[in-house]
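Asker: Listed below are the residues making up each chain.
2 protein chains.
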Amino acid sequence: MEEAGMSAFHGSDLEKIEAIYGIPRERIISFAANVSPMGISEGLIDAMKDQIRCIERYPERDYTKLRRAISSYCKAEPDHIIVGNGSSELIGDVIKYHGGKKALIVAPAYSEYERYVKLAKGTPVYHDLREDEDFRLDLRVLADELERSGDDTKLLIICNPSNPTSTAVRAEDMRDILALCDRRQITCVVDETYVDFADDGYDMSYLAGEYRSLFVIRSMSKFFSAPGLRLGYAITSDEELKGAVEEIKDPWSVSSFSETAAGYMLTDEEYIAKVREYIKGERERICRRLDSLKDKGLKYYEPEANFVLVRLPEGGVTAADLFETSIKQGMMIRDCSTFRGLDERYVRFCFMRKEDDDRLIDLMTENID
Amino acid sequence: MEEAGMSAFHGSDLEKIEAIYGIPRERIISFAANVSPMGISEGLIDAMKDQIRCIERYPERDYTKLRRAISSYCKAEPDHIIVGNGSSELIGDVIKYHGGKKALIVAPAYSEYERYVKLAKGTPVYHDLREDEDFRLDLRVLADELERSGDDTKLLIICNPSNPTSTAVRAEDMRDILALCDRRQITCVVDETYVDFADDGYDMSYLAGEYRSLFVIRSMSKFFSAPGLRLGYAITSDEELKGAVEEIKDPWSVSSFSETAAGYMLTDEEYIAKVREYIKGERERICRRLDSLKDKGLKYYEPEANFVLVRLPEGGVTAADLFETSIKQGMMIRDCSTFRGLDERYVRFCFMRKEDDDRLIDLMTENID
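Protein chains in written order, with my numbering: chain C, 45 to 413; chain Z, 45 to 413.
Be aware that a few hints might be false.
In this list, chains with the same sequence are indistinguishable; a pair is considered to hold if it fits within one copy or across any two.
[As the list claims (entries may be wrong)] Below 20 Å or equal to it, Euclidean Cα-Cα: the simulated EDC-like pairs (lysine to aspartate or glutamate) are:
1. 109 / 70
2. 60 / 290
3. 146 / 123
4. 318 / 100
5. 60 / 123
6. 372 / 313
7. 140 / 290
8. 140 / 291
9. 109 / 59
I should point out that these hints are in silico values taken from the structure, not numbers from a laboratory.
Taking the hints into account, I'd like the entire structure generated from these sequences.
Answerer: Next up, the structure:
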């Protein structure tokens with residue numbers, strides 16, 4: 045996805061990097077995958093060692109226990125939760141439900157939204173965040189645009205915090221948009237893949253019971269350091285949509301191992317608090333380091349997630365240059381030139397271990413001098 | 045699926061059984077799920093204990109290593125293999141590819157084929173196996189029917205060995221049908237979920253390179269005692285279809301844990317030989333026991349898979365009766381009355397451990413006296 049240029053690799057393309065640059069996969073620090081560096085806990089590893097035999101049975105038909113664990117984690121009704129094979133499956137399914145219609149996508153955005161809309165023979169339309177507004181979403185402007193849109197607009201897709209900008213809107217500020225979507229029968233998909241990393245006040249799953257139009261999507265991949273689980277979930281009180289998605293999706297799309305592991309992970313409060321605290325600290329620390337590069341013409345956008353979008357100084361190294369330089373040091377960042385609305389000056393990187401982050405910032409500092 | 049009657053439970057509905065009959069899930073022997081009773085190997089368990097951290101990384105983008113392991117197991121080209129989230133995902137995807145068209149389904153059949161055809165706005169048409177031919181598929185009659193079908197017939201779906209009849213056609217006998225499908229541009233889906241249990245000569249994956257129309261589907265759920273893995277694969281040399289299915293399907297639909305475990309399982313030749321030998325022996329033994337019930341009016345159909353379809357004597361206990369009687373003893377069989385072409389006299393059960401199989405046959409013997 046988004047692989048136009050040589051350096052615009054998806055964060056998971058470590059095999060390709062290995063082949064092209066000759067660096068063993070294990071030695072590459074992926075600043076591009078937006079996965080927490082914490083890794084899974086020893087407690088989980090020990091627990092799962094005794095659970096290998098879970099693959100001998102089918103997952104629960106309705107994933108009742110798993111939905112209960114998700115419910116306790118994100119404070120949504122178990123009946124409002126749908127589990128899926130990664131958030132991708134659920135994004136694909138809700139888009140299929142509104143196949144052939146217009147989808148308003150807040151951009152720049154994860155390229156899978158567009159891919160799924162086109163697959164479902166729908167038309168992607170964009171609401172572009174503005175650089176001169178620091179890529180902050182102006183909800184009044186968005187509301188005006190929605191009001192003016194025709195009846196064939198059936199989807200509004202927002203990533204919050206946004207990938208790749210890491211900016212976010214607060215949950216309470218969404219009420220007007222959600223009321224409008226309720227009235228206009230537009231499904232408002234809010235992809236909260238990165239919300240677990242954000243401070244309180246951004247997560248909007250608690251609003252799903254109140255606004256039928258809200259369809260929140262979550263993932264275990266990033267915050268829980270477990271992209272290999274392939275486990276995502278959606279939260280909605282729209283019974284019709286929920287029924288249709290359950291009809292469209294494959295039965296048992298989550299494996300028994302992932303089902304069992306997630307039950308443990310979602311209730312491990314100590315681990316959850318530790319990851320949140322670490323990322324918050326690192327986010328603040330890296331922003332302070334980036335502040336010192338502002339006078340060289342570097343700009344970044346106030347991050348709420350576990351990654352930051354940076355605009356490199358004009359006329360200096362490009363995103364592709366910086367990608368090349370850092371990959372040779374075993375550090376893989378994201379060249380954002382292929383994102384709609386961004387160009388060859390934008391890079392994105394996530395917060396990893398302190399020493400790795402420092403190494404990357406040191407390298408950036410040298411290269412933009 | 046297929047849950048019309050109280051007793052027509054899917055083999056994985058243990059939670060419902062638990063709730064209705066008050067029998068703990070662990071105490072129920074599932075003769076209805078068609079899963080090998082062998083369980084996973086101690087070697088696999090030990091190997092996977094050291095691999096829990098595999099969930100920290102994304103699965104391989106193209107599942108290269110996994111496809112290589114599958115290739116060595118089933119003698120198909122790695123490039124002809126697509127992996128999926130259980131065979132269901134792949135069945136769903138190939139049917140979607142031919143959405144809106146007619147699909148000729150050899151019946152009685154797994155109900156998911158029909159469900160997916162309808163979901164894809166296609167029309168299911170049936171080629172009914174005949175009881176008076178012992179549910180054996182007559183390939184010449186099928187070929188005639190295909191010849192007469194209109195150009196809107198785009199799919200032929202055969203389960204081989206068939207679920208629920210356990211009858212099968214030999215691979216070499218399929219050449220005429222496959223040549224016809226090649227010529228008529230019909231995709232011939234052969235669901236080989238149960239072929240690993242059959243004697244040599246039934247598996248037709250080696251024909252996929254020769255006939256573009258052949259789309260073989262396989263699963264790790266039944267033979268490898270691992271329905272919780274959610275891992276299936278398809279084999280086809282139709283590059284266009286393969287590309288389209290890969291485009292339709294979710295990226296990384298198989299988890300890292302399943303990817304890693306399957307790599308081990310598919311190359312564990314000792315385990316594979318042991319399961320094949322056990323099931324073959326048990327299949328023959330149970331048939332001999334059923335032979336002794338023939339004079340009471342019981343009939344069964346020569347099984348090639350790990351389960352057998354039985355027609356109960358006329359006017360005696362029904363499939364629902366026998367389900368009730370056996371579930372109370374903790375044995376869950378499949379009441380087949382909801383399958384197209386079958387009625388309340390048909391039950392299906394798979395081969396489990398010898399002592400369990402004997403207990404079930406003893407109970408049947410008592411109840412049909």
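Asker: The structure should be examined with respect to each hint, and the outcome stated for every one.
Answerer: Against the structure, the hints:
Only between protomers do residue 109 and residue 70 lie at most 20 Å apart by alpha-carbon distance; the minimum there is 16 Å, versus 35 Å within a single protomer. Within a single copy, residue 60 and residue 290 get their C-alpha atoms only as close as 35 Å, which misses the 20 Å cut-off; across copies the closest is 19 Å, which meets it. Taking the closest pair of Cα atoms, residue 146 and residue 123 never come within 20 Å of each other, the shortest separation being 28 Å inside a single copy and 36 Å across copies. In this assembly of identical chains, the alpha carbons of residue 318 and residue 100 lie at most 20 Å apart only when taken from different copies (17 Å versus 33 Å within one copy).
Only between protomers do residue 60 and residue 123 lie at most 20 Å apart by alpha-carbon distance; the minimum there is 18 Å, versus 41 Å within a single protomer. When the C-alpha separation of residue 372 and residue 313 is checked against a cutoff of 20 Å, the pair qualifies neither within a copy, at 38 Å, nor between copies, at 42 Å. In this assembly of identical chains, residue 140 and residue 290 lie within 20 Å of each other by CA distance both inside one copy and across copies; the values are 12 Å within and 17 Å between. For a Cα distance limit of 20 Å, the shortest separation of residue 140 from residue 291 qualifies both inside one copy, at 11 Å, and across copies, at 14 Å.
In this assembly of identical chains, residue 109 and residue 59 lie within 20 Å of each other by CA distance solely across copies; the values are 11 Å between and 36 Å within a copy.
The structure is inconsistent with the numbered hints 3 and 6, although it conforms to all the rest.
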